[in-house]
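Those sequence lines, one after another, are chains H and C.
When the letters of the first sequence are read in order and numbered with our numbering, they come out as residues 1 to 114.
When the letters of the second sequence are read in order and numbered with our numbering, they come out as residues 115 to 225.
Keep in mind that the hints were calculated from the coordinates and are not lab data.
Since this is a predicted model, take the numbers as computed values, not measurements.
Every residue, glycine too, gets a C-beta built ideally from N, C-alpha and C.
Keep in mind that the hints are not guaranteed to be accurate.
[Unchecked claim] Footprint (simulated), chain H over chain C, 3 or more residues, beta carbon under 8 Å: (1) 186 to 196; (2) 214 to 222.
[To be verified] Label pairs and their computed distance ranges (CB to CB): (3) C:Gly154 with H:Gln80: 43 to 51 Å; (4) H:Pro81 with C:Gly173: 30 to 38 Å; (5) H:Arg64 with C:Arg174: 41 to 49 Å; (6) H:Glu18 with C:Ser142: 14 to 22 Å; (7) H:Lys68 with C:Glu129: 26 to 34 Å; (8) C:Val158 with H:Val53: 21 to 29 Å; (9) H:Gln17 with C:Lys170: 23 to 31 Å; (10) H:Ser112 with C:Lys183: 37 to 45 Å; (11) H:Arg64 with C:Thr181: 39 to 47 Å; (12) C:Asn166 with H:Ala2: 13 to 21 Å.
[Stated by the list, open to error] Lysine to aspartate or glutamate pairs mimicking EDC-like chemistry, simulated, CA-CA at most 20 Å apart: (13) H:Lys78 with H:Glu100; (14) C:Lys170 with H:Glu100; (15) H:Lys78 with H:Glu18; (16) C:Lys140 with H:Glu18; (17) C:Lys184 with C:Glu167; (18) C:Lys183 with C:Glu131.
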Amino acid sequence: DAGVIQSPRHEVTEMGQEVTLRCKPISGHDYLFWYRQTMMRGLELLIYFNNNVPIDDSGMPEDRFSAKMPNASFSTLKIQPSEPRDSAVYFCASSFRTGERPQHFGDGTRLSIL
Amino acid sequence: SQQGEEDPQALSIQEGENATMNCSYKTSINNLQWYRQNSGRGLVHLILIRSNEREKHSGRLRVTLDTSKKSSSLLITASRAADTASYFCAPMDTGRRALTFGSGTRLQVQP
């Protein structure tokens, strides 16, 4: 079975531009998570969805960040406008019955904002 | 939010030796999970131990949990160069339905 698929794998863009990261979770999983990983802050949970509904977005750093899950097989994380401090690796993960099952991670999007 | 803190931050051993990593957390948990991250890749789930379990094995992995001390340990026996990675613990607290991760232990296994 295919794992969690993220695109693009790498993104380099200039400050102020809109950035859209994409994620396809594992089929049948009903939870989807977005994380950000940096050297300084480690792995931070940004937001998670259950059955396409956002449950906890307390980790979203600012209003510049938004996430959507229009259907069970697709989610986006958008940053508008982007800033250099947003540079990080962004991971998407999915699971079945979170808390009682492991999370499956994609290989991340390495984002660099110049 | 619940967060596991791993210790040590970095560990370097020779192939064939055992590697032990520790994790401490703060409040009541439902379970605790360990993950591995190879360079440039996403996290991979290794093992889950429930709050009513004290020890669990999976291949060369052994995990212990002491809820009275709010600590867990991950033992990798007979390490291999391929075990070189960062290892994270992720406590799942009883209220929240999401994992939080510590900074991880960076394990280097020298061939």
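Q. Are there three or more residues in the stretch 214 to 222 of chain C whose C-beta lies within less than 8 Å of some C-beta in chain H?
A. Answer holds; 5 residues pass the 8 Å Cβ test.
Q. Do the beta carbons of Asn166 (chain C) and Ala2 (chain H) sit within 13 to 21 Å of each other?
A. This hint is violated: roughly 34 Å between Cβ atoms.
Q: Given the hint of 23 to 31 Å, check if Gln17 (chain H) and Lys170 (chain C) actually sit that far apart at their C-beta atoms.
A: Since the Cβ atoms of Gln17 (chain H) and Lys170 (chain C) sit about 47 Å apart, the hinted range of 23 to 31 Å is violated.
Q. Could one say that the CB atoms of Glu18 (chain H) and Ser142 (chain C) fall in the range 14 to 22 Å?
A. violated (42 Å)
**Q.** Range hint compliance [Cβ, Ser112 (chain H) to Lys183 (chain C), 37 to 45 Å]
**A.** holds (42 Å)
**Q.** Status of the given 41 to 49 Å range, CB of Arg174 (chain C) versus CB of Arg64 (chain H)
**A.** Taking Cβ atoms as reference, Arg64 (chain H) and Arg174 (chain C) lie about 44 Å apart, which means the hint holds.
Q: Hint says 21 to 29 Å; check whether the CB-CB distance for Val158 (chain C) and Val53 (chain H) agrees.
A: holds (27 Å)
Q. Straight-line Cα separation of Lys78 (chain H) and Glu18 (chain H) no greater than 20 Å?
A. holds (7 Å)
Q. Holds or violated: Lys78 (chain H) with Glu100 (chain H), Cα cutoff 20 Å?
A. violated (29 Å)
Q: Starting from Lys140 (chain C), check that the Cα of Glu18 (chain H) is at most 20 Å away, please.
A: violated (38 Å)
Q: Just tell me: holds or violated, for the beta carbon distance of Lys68 (chain H) and Glu129 (chain C) against 26 to 34 Å?
A: violated (46 Å)
Q) Does the structure keep Lys184 (chain C) and Glu167 (chain C) at a Cα separation of 20 Å or less? A) holds (13 Å)
Violated hints for the displayed structure, listed by number in ascending order: 1, 3, 4, 6, 7, 9, 12, 13, 16 and 18.
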